[in-house]
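Enquirer: Line by line, the protein sequences are chains A and B. Numbering of the first sequence is given in my numbering, commencing with residue 1 and proceeding in unit increments. Numbering of the second sequence is given in my numbering, commencing with residue 1 and proceeding in unit increments.
One side of the interface only, derived from the structure: several residues of chain A facing chain B at Cβ under 8 Å:
1) D9
2) S279
3) G283
4) I286
5) E288
6) A291
7) K297
8) L317
9) V374
Computed footprint of chain B on chain A, listed as stretches where at least three residues anywhere in the stretch have a Cβ under 8 Å from a Cβ of chain B:
10) 254–267
11) 298–306
12) 359–367
A short list of chain A residues far from chain B (calculated; beta carbon distances all over 12 Å):
13) D109
14) L139
15) P197
For the record, the hints were derived by calculation from the structure and aren't laboratory data. Nothing here was measured: the structure is a model prediction, and the numbers come from that model. Yeah, the Cβ is synthetic: ideal placement off N, Cα and C, and Gly gets one too.
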Amino acid sequence: MQLRYSEADESFRAALRAWLEGALSALPPQPARDAWTERRRWDTDWQRRLFDAGYAGLHWPAAYGGRGASPTEQLIFYEETARQRAPYVGVNFVGTLHAGPTLIEEGSDAQKAEHLPKILRGEEVWCQGFSEPGAGSDLASLRTRADLDGDHYLLNGQKIWCSFGQVADVGEFLVRTDPDAPKHRGISWLILPMDSPGIEVRPLKTVLGSSEFSEVFLTDVRVPVANRVGAENDGWRVTNVTLKYERGTAFVSELVDSIRLAEELASRRPVDAIDRNTSVDLGRCIAELDALWALTKRNVSQASRGTAGPGAMVMKLAYSEARQRFGEVCMRALHRDALHVDDNEYVEERLRTLALTIAAGASQIQRNIIGERVLGLPREPR
Amino acid sequence: MDLELSDDQVALRDGIASLLEARIPIDRVRAGFDRAMFDELAGAGVFSLRADGFSWADCVVVFEQLGRFCVPGPLVTSLLLGDGRIAEVASRYPPIWIEHLDALDVLLVAGGGGFQAVDPKSVEAEPSSWPLDPCTPVARAEQLPEGAPIEFNRTRRDTAGTVLTAALQLGLADRLTELAVAYAKERVQFDRPIGSFQAVKHMLADMLTRTEVARAAVYSAGAVLDEQPSAAIKHRLCYGAKVVAGDAAVANGKAATQVFGGMGFTWEVDVHLYLKRAWVLETHHESSDGNAELVHATAGEPRIWGDS
Chain A
1 MQLRYSEADE
11 SFRAALRAWL
21 EGALSALPPQ
31 PARDAWTERR
41 RWDTDWQRRL
51 FDAGYAGLHW
61 PAAYGGRGAS
71 PTEQLIFYEE
81 TARQRAPYVG
91 VNFVGTLHAG
101 PTLIEEGSDA
111 QKAEHLPKIL
121 RGEEVWCQGF
131 SEPGAGSDLA
141 SLRTRADLDG
151 DHYLLNGQKI
161 WCSFGQVADV
171 GEFLVRTDPD
181 APKHRGISWL
191 ILPMDSPGIE
201 VRPLKTVLGS
211 SEFSEVFLTD
221 VRVPVANRVG
231 AENDGWRVTN
241 VTLKYERGTA
251 FVSELVDSIR
261 LAEELASRRP
271 VDAIDRNTSV
281 DLGRCIAELD
291 ALWALTKRNV
301 SQASRGTAGP
311 GAMVMKLAYS
321 EARQRFGEVC
331 MRALHRDALH
341 VDDNEYVEER
351 LRTLALTIAA
361 GASQIQRNII
371 GERVLGLPRE
381 PR
Chain B
1 MDLELSDDQV
11 ALRDGIASLL
21 EARIPIDRVR
31 AGFDRAMFDE
41 LAGAGVFSLR
51 ADGFSWADCV
61 VVFEQLGRFC
71 VPGPLVTSLL
81 LGDGRIAEVA
91 SRYPPIWIEH
101 LDALDVLLVA
111 GGGGFQAVDP
121 KSVEAEPSSW
131 PLDPCTPVAR
141 AEQLPEGAPI
151 EFNRTRRDTA
161 GTVLTAALQL
171 GLADRLTELA
181 VAYAKERVQF
191 DRPIGSFQAV
201 KHMLADMLTR
211 TEVARAAVYS
221 AGAVLDEQPS
231 AAIKHRLCYG
241 AKVVAGDAAV
251 ANGKAATQVF
261 GGMGFTWEVD
271 VHLYLKRAWV
281 LETHHESSDG
291 NAELVHATAG
301 EPRIWGDS
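Bound-form chain A, shown alone (with noise of 0.2 Å):
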């Protein structure tokens, strides 16, 4: 067990903080939230940067254009990306995180050639169309259809929670291909581009008040077979193969950004304007937050000997449980200065985090998964 970094990891920190400083200096500001056109331009424009600097695709194999950095390097470069408030992932998500890495793994040649250099470079916005007005945590039970004909698939279906919907190129789609097949298996995974004739998209304005996620309406939307990725009926497996590019990552940007608010709330005196309930309240989520960090690093050194225990399967339970009650602590902290949102990080915040107990597997959904893939519990009949 050690905390400290060695040589090699402190000399990549360091090249990318000395690379931060000149490329957050030189960084327009960042546009309002709902303007989506100016959105997509500042986020790839940050995109390019990485690319240039050699930062874009840290975690992808060097032979398709990444870096293939360590999982350690991964976390580096995500808390210090988070530390110094630089542009976060943003419109490049779906493409740098998930798109790109399942093309990687289960692409064609022909599919990575065209789009994998793209996404590194800023130049191809991708959405993800999964969830379904009627399969959110039931996934597998998706409807939208995909009918054979000839080389082309016919789409029709409707789809919710497509994040950047309103400005991506192309999105991965999960859609029916065997309506008769038990239901994980009649699944596919397509490219679908996104100004295909057919497609409407219709921006879903959630408590923040702004428009981060769409729905997706599909009227015979005509996809060449050639878009499928993997096997007719394998989508299922293919839209997993992603998490092991994760590494225990997948949550550093957001325990980083926590940790500074909580230490900013800390900060502030007198520390006796804060009374003691709310002060023992507030140091358990400091606890709690330095304890995921620490969890953090525990899965991010499992990943980087190739192994991986329940530490992994439990941080998206604890993270979102846990920046919940932080949330909250905070609101009383403030008290009526809670009540505007606007140059209020801690209320926005506050707004923000509610979706975390419910996006990409809800609570009660995790704690179905550790109760019966980490602990061995039978099954509840469903």
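Starting from the known structure of chain A, fit chain B onto it as the hints suggest.
Expert: Just chain B now, kept in the frame of chain A:
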């Protein structure tokens, strides 16, 4: 950076675990701490780890196992004193409750800016006929006699002592999870193992989650003790480790009792021993709430990123 056990630490963990399994099974735990148990642990090197060149992180690995096996006794103070005597700390502030008084070689009492060594035989105290934890006898004194000054590092007690106590709590939380999961797999109601019901399954998932989070915090604090970063971050991680490990031990004790149902309320089932020990340790080295306040106080101080 590596927060996983090294090969040597895995061997250390497995070595102490197999020793405890063979020599201090739960029946012997129930009989309580005595000199024979101390001598056996001392013979295995438990109290001389530091003198023998082991790191604090190694000590954490050993104390986690002592917690898992619910080993009673003044373990942390005896290791910190490290001179082969059985030692515990008491405060002069009433109410004065002294643990394991009859087994002690020396009682350490804060005073005069340091600690005094008090002869346990000179202490007038009334033993409780019904201690909360049957393995932790307690006696109440009205006052404590003066003693001779003794070299006993207060900062080390505040940091390493807190983390080793947290390691014991981590062990309790871990073992409680194991006991509850095993029971939930075999106990059948409504024609099914109760662990298949989500209402029970989710409690067990939370027990594991608390344990894994606590383990990371305790290991990280153990590494911090060895590496001596800035004082603020060191103290913060030490106090924080006891917050999450202490909360995990008590919460898992309550959850395990619930999973065991009526059996969890019996003297025969071991769960209450672990929960009661968790409550005892909650009073050592500040409570969870007290440590949380200390975390809050230290978190406002500047830190250097990358050093923790």
